[in-house]
Each structure stands twice: as C-alpha cells, then as structure tokens.
Amino acid sequence: MKKLLIWLPLGLFLLVFALVVNGLIEPSDRIVRSAMIGKPLPAMQLPAIVDGKPGIDTAIWPKGKPRLLNVFASWCIPCVAEAPQLLKLKRAGAQIDAIAVRDTAPAVQAFLARNGDPYARIGDDSAMRAQLSLGSSGVPETFVIDGRGVIVDQHVGDIRAEDVPKLLAALEKAR
Amino acid sequence: MIAEAGLAALWLATTFAIAQLMLGAAAARAPDPSAMLPGVRRIALVQALFALAAFLILIWLFVTSDMSVLLVAENSHSLKPMLYKVAGAWGNHEGSMLLWVTVLAVAGAGVALFERRLVAETLSATLAAQAAIAIGFYAFLAFASNPFARLNPAPADGQGLNPLLQDPGLAFHPPTLYLGYVGLSVAFSFAVAALLMRDVGPAFAKAMRPWVLAAWIFLTIGITAGSYWAYYELGWGGWWFWDPVENASLMPWLAATALLHSVNVLATRDGLRAWTLMLAVVAFSMSMVGTFLVRSGILVSVHAFAVDPTRGTFLLVLLGLYIGGALVLFGARVGTVTQGSTFQLVSREAALVLNNLLLSVILGIVLIGTLYPLVAQAMGVQLSIGAPFFEKTAVPIALFLVAGTAAGPLLRWRKDSAQALLSRLTIPVAVAGVTFALFFALSGFASPIAVLVLAFAFGLAAASVAPLWKRKLRRTPLPIYGMVVAHLGVAVSLAGMAADTLFKQERLAAVAIGDNLTVGPFKVTLTEVRPTVGPNWSAMEARLQVQRGSGAPFELVPQQRFFANPPTNTSEAAIATLWDGQVYTVLGAADGAGRWQLRLWWKPFVTLIWAGGGLIALGGILSLSGRVLRARRDARALEEWA
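In order, the protein sequences belong to chains A and B. Terminal number for the first sequence in our numbering: 181, no gaps in between. Terminal number for the second sequence in our numbering: 653, no gaps in between.
Excised from the complex, chain B in its bound form:
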C-alpha cells in the first residue's frame, strides 16, 4: 500500500508540474501577470510537497525493509545499519533519480516562495520553465525507472548495498551534490525566462545571483566531500582520479564558477549579458550531461551503477529537448538582447572575462577528455583517457587562471592602468618568487611544475587578502570577505595538492608481526593481526603502532573487510590526521607465510586540499549571507520610505 502511495504522489506531482507549466506560460503572456502569479507560486509549492512525499515514502520503505518492493530487495538488507538503510534509498539508480527530481521541485518551490525582485512576467516564465524540466524527469521515473515497482513473490531478505557505499560520508555526499547539480536548474530556468521575456539586466542578475551562489556552495561541498570519500574509502591514497563521474561533477562546478563571476559583472556593471545567459544554460546543461553519463553507463567508470540503453535513450531525448531547446532559443533571441555597458582592456571586467574564458577552456578540456573514448569508439578505436592527459592540459591553464584570480580583485571596474596593477601585485609576485626558489632547491629540483603550483598558491594567498588592506574591516561588506576567503581557499587547496605531489612518501612491504617499517619521519610497527566482526561484515584488522621520533606512539587499525551481501572485499584505510599531514595505512593480503602486505603513506599537508575546498564553500556562504541580508535591508528601507 505504501509503495502505491509513493507512486500516486509522484503522479500527482507530475500533474501539478503540468498545471504549473500551463499556468506559468499563460501568466507570462497575460495582460496582468501579477494577478495570476500567486496561483503559479502555490502550484509550484504543492508540486514540491508531492515530490518530497514520494521521496520520504521511498526512505520509509527502505527503513522498514519492505522486501516486496523491487528496489528495496535489490539494494537493501534487513541487517544493514539504520544509517545505510536510509542512505540506501538514494544509493541506487531509481532512488537517486527520485532525489534528483525532488531537489528540482524543491528548488522551484524555493524560487516560488522567496523570489520577490523579478517582474511577474519573468518569474512566471521561470516557474514554467522549471516545471517543463520537471515533467520530463517525472516521465523518466514513471516510464523507465519506477522506484516503487513491486516484486512478487517478495524475497525473504534483500541483496544488500554495495559495501563501498556503506560509509557515513556517502550518506550525505549525493544529496549535497544533487542540491548543487539540480540547484543550477534555477539559473537555467531564469535564463530561459529572460530570453523569452527579453528581460536581461542588473535586476535580473541580482535576482539570479543568490540561487547560483547557493547551488555553487552545495556543489563545492559535494565535490570536496566526494574527493575525501574516494581518498579514504577506495584505499588508493589518491584524491582525484579524473574518473568520468568525478568529471561529471567538476564540469557543472567549472561552469557555475564562471557564471558566478559573470553574473557579478551583469549585476554590478550591466555587462556580459549574452555571455551570462549562455553560462546559465551551460551550467545546468553540464549537470544534465553529467547525470546522463553516470546514469546511462555509456562510459566505463568505477562509479558505473546502471548500464541500461533504454534509460540512456530516454535521458538522451530529454537532454536533446532541454539543452537543444535552450540553445535554439539562445540563438534566436540573444541577438535582440542589447549590448550592456563596455569596459577597457585593463579593468575588473576584463579580468573576469579572462577568468570566464580560462574556466571555459578547462571545462572544454574536461569535456573532451571525458567524451574522447566515445569519439575514439566512433572511429573504431578503443582507449581510455587518464590523469596524464588532464594534468598536462589543464594544469598550465589553471596556473593562468590562478594568476588572474590574484590580479582580478586588485583591479578597478571599467578602467585601470597596468602599471598600477603591477605595483599592487609586487608583494604577491615576490612571495611566489621566493617560494619557488626555496622549494625548488628543497625538493631537489625534481618536479618544477608542482613547485610552480606551490609558488602560485603562496602568491595567490598573499594577493587574495590584499583587497582588505587599507579598508575599514568592520565596514567591509560581507561579499568582499566571501571573495577573500574563497580565493584564499583556492590557494590553500592548491598548496595541499602541490605538497602531496612534492613531499608524499610511500612504503609497500610484506611484514611479519613485530616487524617495523619507516615512512617519512614515522616508525610503524605491526603488533597484531586479528579477526573482527561488524554488523554485516567480518574483517581482518592490523594493529599498527606509529611513532614519530621519540614522540608518543599512537595506534592505527586498517582493515580488510568481507561483506557477505553482496560478497565483496573492501579495504578500510586507517588514517591519522596530524597538524602537518596524514599517515595513511592500508592492510593488504596475507602471503600465507605469516606476513602481511602493508601500504603506508606519509602525506604532508594533504589535508589542505579539503580544508581549501571548505574555505571556498565558506566564502560562498559569507557572500550569500551578505547578499540576502542586504536585500532584506533594502526591502525594509523601501517599506519605511514608502
């Protein structure tokens, strides 16, 4: 009964989405749209409530282990810990697509509830566009991925969840990432509405900006968390693999980062109108392309969950309709969008254009690298593209981008002089130069690129706090702090990446009980290997005593876990986080003669990678709160004045 209620909620949500599309479209063309707008707002809210209800029902089915539901039987097990029962609801294709449309509907409801700045026509058109996207994905769920399908007869118990996904990080990683991915749909709908209504200007940009910021914050957190999850759960010691699914999350982030900067130009200076619209379309298009790549199984990936051509075809049709449609609209209408204000070659705007172009180039590289296996396949060759391609192509461009990030905030809007910029950049350039010389010598002249990245990171760190010099700190607006913190986060993250490349040390050895190994400044002793059990797994765990110099020893306990349902081995790395880096240990197989394979890393300052990601997100949060508070204050001031 409950599963049927879920399906009914889904169909009701679809019905309301259709109503929202029709009424929204009608309101956008009505002589008095503001009269119809409240109705559209309410419908958007009801649609979101039904979608949310369907999603909560699915979680309930997982929590109660209702094995008569196919999805639960295939992906859950009654003995699974409660957290993973709940997370199991979105740890599979159908459930994650339901989460996807739920976020879509909730984001639409958010616009309906809170957006007060847009004119009624544009807002109605935005809500209609949001509903149009939702309808397609509801149809996808109903016809190709029904999460509520029954299984008759019901099995005694389920098949379990992929053990790699049984991790607290994963319980929250997909929802966060989806909030970002799908949150970008709002920007897409805004852009479509703006094109339809020919309403592009600072007011439109100011309305769109908080939504872009919010989606971007979630994307940043989601990618950072996903990178850390892969780092400790996959036990490979790496933090980014250029896997198609990782790239699928990186591409919308790159587009959203570009959008975030160009929307500022539009809001502040009324420039880059067409470009901002384009980016808004591209950002969500990248989310949809990413969803398609992951969900169709067209690319081979460690994440490849579902390989299903029917679903792939369905998603592809939706992709063609939405992205193709938006681009046709863009081509047809953008010529009528008048050019915004212009600027000089040396100016804040020019720096932001450079930032946008470089981000777009990196986006292009990632897209080409991700899709290249398909190109090769079309030409009859089989290949896969790995990290070396992306590192060789994207890193040099990223360095230019870092230089632009350092310089941009130190430029004035509209017009500035190159000489003034150079003098403002003296200290950052000096910092970068000294860093390069020092670490190039220190690292034995080994990897100049990594040292260069480190030098740029230090230079950017110096430059990113520069906008606060000679300012009254208490009167500086929050968005400025947001920018400073986010740019500093980029520097911190880059420093972590460079440090990991330059200074990490690795040991791989077979050791007997009582033997010790050294890795970096640490002495690691294998004291014991013993069996242990968890709620739905058994494991061999090694006790390692780790000691730096004559400091206090501490213990690390890496495990080899065996899951019975489904039968899988995973290695649980044990990681010690110290102030200056991490000790990362993995237990491997036994050699049958009393020795165990151990893999040890000392990774100085590797934590900075994710700390930087956190700072970038924090910068976004500061900026968003600044914008929202400011909008409130303005509204209040307007009321008092009126």
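Extracted from the complex, chain A is given alone in its bound form:
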C-alpha cells in the first residue's frame, strides 16, 4: 500500500505527460463545429431584409427537398469571395436561403447587386440570435438542411471552388 502511494505521483505525472504529448501531436482543430448538427432546425421568424424577397420562417419551412442555409453579411469579405460559388451551386440546382447577420437593407441590396443573388429567401438577423441558435460562430457559414428540416452538415468559412462538389454531394445525400 505504502509502496503504491510512493509511486502514485509518478504515475499521475506520466498520465498527464501522455495527455499533453497527445495534445501536442494532434494540435486541436480550432474550427468550432455546431452542436446542432443532426438536430431539427431551431424555430426562427426572421423578417425580410430586401423588398420582394421573403424572410425566413421555420414554421413554413419548405419540406421535401434539401436546402442550403447560408449565413452571411454584406460587410464580410470572405462572403464576397464565396459569392461566385453560391451562384454555381444555384445553377447546379441547389435551393439556397440566407440569413443576413447584423446588416441593413441598403447594404444587402448593394451586396446582391454587385455579387449576384443566389438566394430564394433572406432573413434579417440583426441581433445575431438566429445565427447563435444555429450554433454558427462566424460568417460565412453554410448549413445543409435535409428534406425533413434537420441540419445534416455545416461548412465553416467561405465556399471555395473545390467545396462546390462536396456541398452538392451533401445535398444529394440529404435527399
């Protein structure tokens, strides 16, 4: 018993040491994944932000076909960078909705005029509540919502050209 106690500190230290070595070898993934993946879309009623385009109301969320939900802002540079890819996705048949985070109507209007408009609906999330409820930690992020309204996938950061096939595949899988 006493013998065991004497070596206990070394044992504990070796345990911590192994842990830290593991932590060093596999530097942590600094991307924050949403905890909402696999769960139904949280309820949200976001008013329209631009004229002639509806806002987002999960009570009347179109079921049946998978959709993309893009979290963006007119003030966000990577959002400009991913705009061509979103247009490409739309041309490939993807249905895309959007949440505009901390934004104003004229700014979004100008953003769409300059970068193209792939969106079916855009909700106004001025207080970032909807973004937080989605578990999104920044802009841009894109969620894949399946036909039953369940979040099945999340893309963090701007959509690069090489991500387009991946997202299309995810949409196909969510069918």
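Careful, some of the hints might be misleading.
On the chain A side, residues computed to face chain B include the following (Cβ under 10 Å) [to be verified]:
| id | residue |
| --- | --- |
| 1 | Lys8 |
| 2 | Lys9 |
| 3 | Ile12 |
| 4 | Trp13 |
Calculated directly from the structure, the hints in this document are not laboratory data. Built from N, CA and C at the ideal position, the CB exists for glycine as well.
Starting from the structure of chain A, add chain B where the hints point.
Okay, now just chain B, sitting in the frame of chain A:
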C-alpha cells in the same frame, strides 16, 4: 555587436552551469566536501552574473530600439514610451524565457551566497541540481528561442507591443511572478539534494523555509497584481477568469502554500518528512507545467502568446526529464527516509495535514479543469471549461479549508482536545453565525453560497487574531504576527469576493450627451465625448460626472483607445476608488445616432480582494523577517559562546 555579446553571455552562463553541475556533484560525493564548496559557490555566482548580463543586454537592445534584432523589431516600436520599451524586453516569448532562466540563476546564486545552515554535501548537491535545471532552459533558449537572433535587412521600425501589455502594472507583474515561480526551483533543488543525500530533518526544513517563504511572497504579490491588472485593463469588470494562464500561476501558489505549512511541521516537530519533500517537488513542477502550458500554446487562452509545437516539444522533454526524474528519485529514495515524529488526531499537526490535503485537492481540481480540454480532445470532443466548474467544485472545499485555517492556529502541537478547541472557537463561530443570519436576510435570501463565504470570512477574521489573545504582544515572535496577518488577509480577501458577488450593481445603456444613469447610490452624467491622443495611440474619451446623493461630484474619463502598431482597440476603464468600494466605468461603441454605450458598475468593497492579497504577502514578509533575524541572532550567539 551588442546582441552578439548577449548571446555570448548566455553561452558563458551555460558553460558555468555545466561546471557547477559537475563540481557540485563531485563535491557532494567527495570525502571532504567543505573544501570544494567555496568553488561551487563562486561558480554559481559567476553563472548568475552572466545570465544577468545577457538579460540586461536584451533590455539595452529594447531601450535603444535596435531594429536589427528580430525580437526588438517584432515587439517594439521607437515611438513607444520608455517604460514599455524596457517592459517589452519580457513582454514576449524569448525575452520572458530569458527572464525565467535569469531568475533561476540568480536564485541559485542567492543560495550559494547566503545559505550557511545546510551541511556541505547537501548544499553542493542543491547547487548541482539548480545547475541541472538551468542547463536545460539555457539549451531551450539557445536552440528554440534565441532572443538575440538578427534580422537582415533591419526594418525601419518595429511592429509594436501588444497594447494590452502597455500598462505600468504589466511592466512589473511578470518579473514578480517569475521571482515566485522560479524561486520555487530552490525548494525543488533542496528536495532533490535531500533525497540524494538522505538528509531530511528539522535542520534541512529550517534551511529551506526562508526560500519557500520568499518565493511564496513574490507569487502572492504577482497573482494579486495580475488579478488587479486583468480587472482594470481588460475592462470586463471581473477579477478572476479561471483562464489557463491564471490557473498556471494559481497551481504553484497552492502547492507552495501547502509546502509553507508542511515545512513548518518538519522544522518544528520533525514530522511530515516525505510529504514535505513531495510538495517541494510538486510546487516547482507546477511552475514548469505552468510555463509549458503558457509557452507551448497548447491551450487556448486570452494570454496565448506563442503557438509553436517545436518549443512545446522542447519544453515537454525538459518537463519529462526534471519532473519525471525527481519523481523517480522520490519513489526510489523516500522509502529510506525514516518516519518523523508522530502526532494525535486532534493537534496542530493534524490541522496542517488537513490544510495540506485540502490545498492539494483544490490544486487537483484546478489542474483537472485546466487540462480537461486536452482529455476531451484525446477522446475526440472539443470543449472549454469555465468558471462554473471551478466555482462549483473548488468553493465548497475552500470553505472547509477556511474552517481549518480558523481552527489550526488555536490547536496545540502533538496533542489537544476537541472540547478545548470548540471552546476556543466559540467567538469565531458566533461571529460567523450572526454574519450569516444578518446578510442572508439583507441580501434577500438570494445567494446562500456567497453569504456563507462572507460568514466564513468574518469568522476567520475573528479566529485569526485569536492567537494573540493573552500573549505579551511585545514578546510575541514576528512569525506569529506573520501568520495572524496572512490569515486575516485570507479573511479580508474572501470578504471582498463575497461582497462583489452579493452587492455589485451593473448598468449597461446607450446614452446621449447630457443623459444620466443611476448605478447603486450614484448618479452618472455623460457630459462630453471627445477625441484625444497619447504617445502611440488615439482615443475617444467620455467625461462622466459621478455624484453620490448630494455629495461632491467627481469626474471619470473612460477611453476607447486605438493603437496603430499593431492595429488594436482597447478599452481603458476609468475607476474611482472610494472607501467602501469602486465605481467602474467603461466606454463602448457609438451607435451612429449620437449615443454611446456605457457600462457602469458599483462594486462595494471589491478592493478588499486585493487588499487581502497584500495582507497575505505582508504576513509572509513579517514571517520571513522574523526567521532571518532569528537565524542571525542564533549565529551571533553561537559565535559569542564559542
């Protein structure tokens, strides 16, 4: 040229450290170690002088803004105020590691110069162990963190120092903390030497005690100052965030506090031999673990300065060698350390054992909480652990610890009766009971835990002065006063924490010029918002007129500062310290329609938190002076007698 001189000084210090290790080890095994000891002492001194020279050269490079040195170019700027040029020398990874080894070398030299009580073998082994630690960290500097690396071509100017670090508090916070952190290396080396030489007893404990006390005083001051710095500089109004880097400073402090108490048992009663050795190893190990956590960037933290796997790996190897080595030595040798004297269940020793166990448990909780993200990562989950975990787990144990702190000094050594203890504790328990009833009602029965903490604080305050009752105050030894003051400091600090939780009031609002807000008993009027400039920043500052009731109004001027190099915003809180608390104001963003966000707090008695920290350190200083004076007197008496 100057930078190369710095590098040369570093290499020379390394050479002398190697010599110190070899000669010290040889002396420890020599037939007549006292003949070789003076040589080891001198080498330790020279090693420290070279390390100090390297550090002063680095400061000089920062003062003269020598942009051909990479470290200066990356962390300084010629327009920076002089204080921050100097502080910039240790406000970065390489510089702070150089400060670390410098303190290590200077602490070793301190032992070499002043330690006269240990037998020559043990002292030689201590100095050898101290050199062994230094060699590893010199190598780390030379191979993975060279502070004197050149940059060619030299840039026209530097990139500036992180503005959060441009604060007078920060100029002195790291050196103080390092003196404590690294000062514990002396206790570590003592323990290693004691294990190697099988020399554990009261004489050894008495020799080690002042060094532990000194390191602990610096740690206490460093943590207290760091907490206050975070409180006013980060503008969050909180004073402790359970951030990994804060925890890294708290863990050695907890271990050192435990060590401080157990070394007293060893010195006075020759008990707890193995345990004291263990704690001495653990305390400095926690310093090294802390350094590793901060310097490897393995944990995400607001303090994360350097994220570098190479450095992390290097530090980890050193950690494995030193901590692992010491623990293997402990396991192999401690069985041969004979058991010291024993004691009864109700006794001063038992109370100190309880204190040690509870401190160790809190240490374990903090360590687990700090490392848990790594455990989760190993299992494929990502999470971070925040204040709620630490508060739920550590606070109840801390309350037991407070009870022990109240009772311990009122117990006799070796054997006492529970009944006598209870009668001595009557007044403190009554004080705590009345406090609880009064404030529980006063605070609207809202947060019983905080009221409990407050009640324990009052009870501890009453109990901590009790050892002075019926004593002749002028003949009471200084260490007793030290204990009383330090324990009183714990009570004062706890009262401040509880008061902050129970009574703080907060207002957050967007206000236009001329509007007023009330927070607690204060009326705050925004009179003006205007731009202003400093040496290397520009700012918007709000003028707030603050008035309590019909008292004289005073002005507070919180700022939003913009630093160009590197581009950063900081909010400079404006704080008014009154006798019964602080008014804390922060200026936020403008809303574009002529209104400004203001965040106001009234924090009654929050200052007690740091005042208590100061008292704890003062208690340490009293105790240390008592011990040192006593040792001098004894030495003189011995001379006269001989």
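State the violated hints by number, sorted upward, taking the hints as numbered earlier in the document.
As far as the earlier hints go, not one is violated by this structure.
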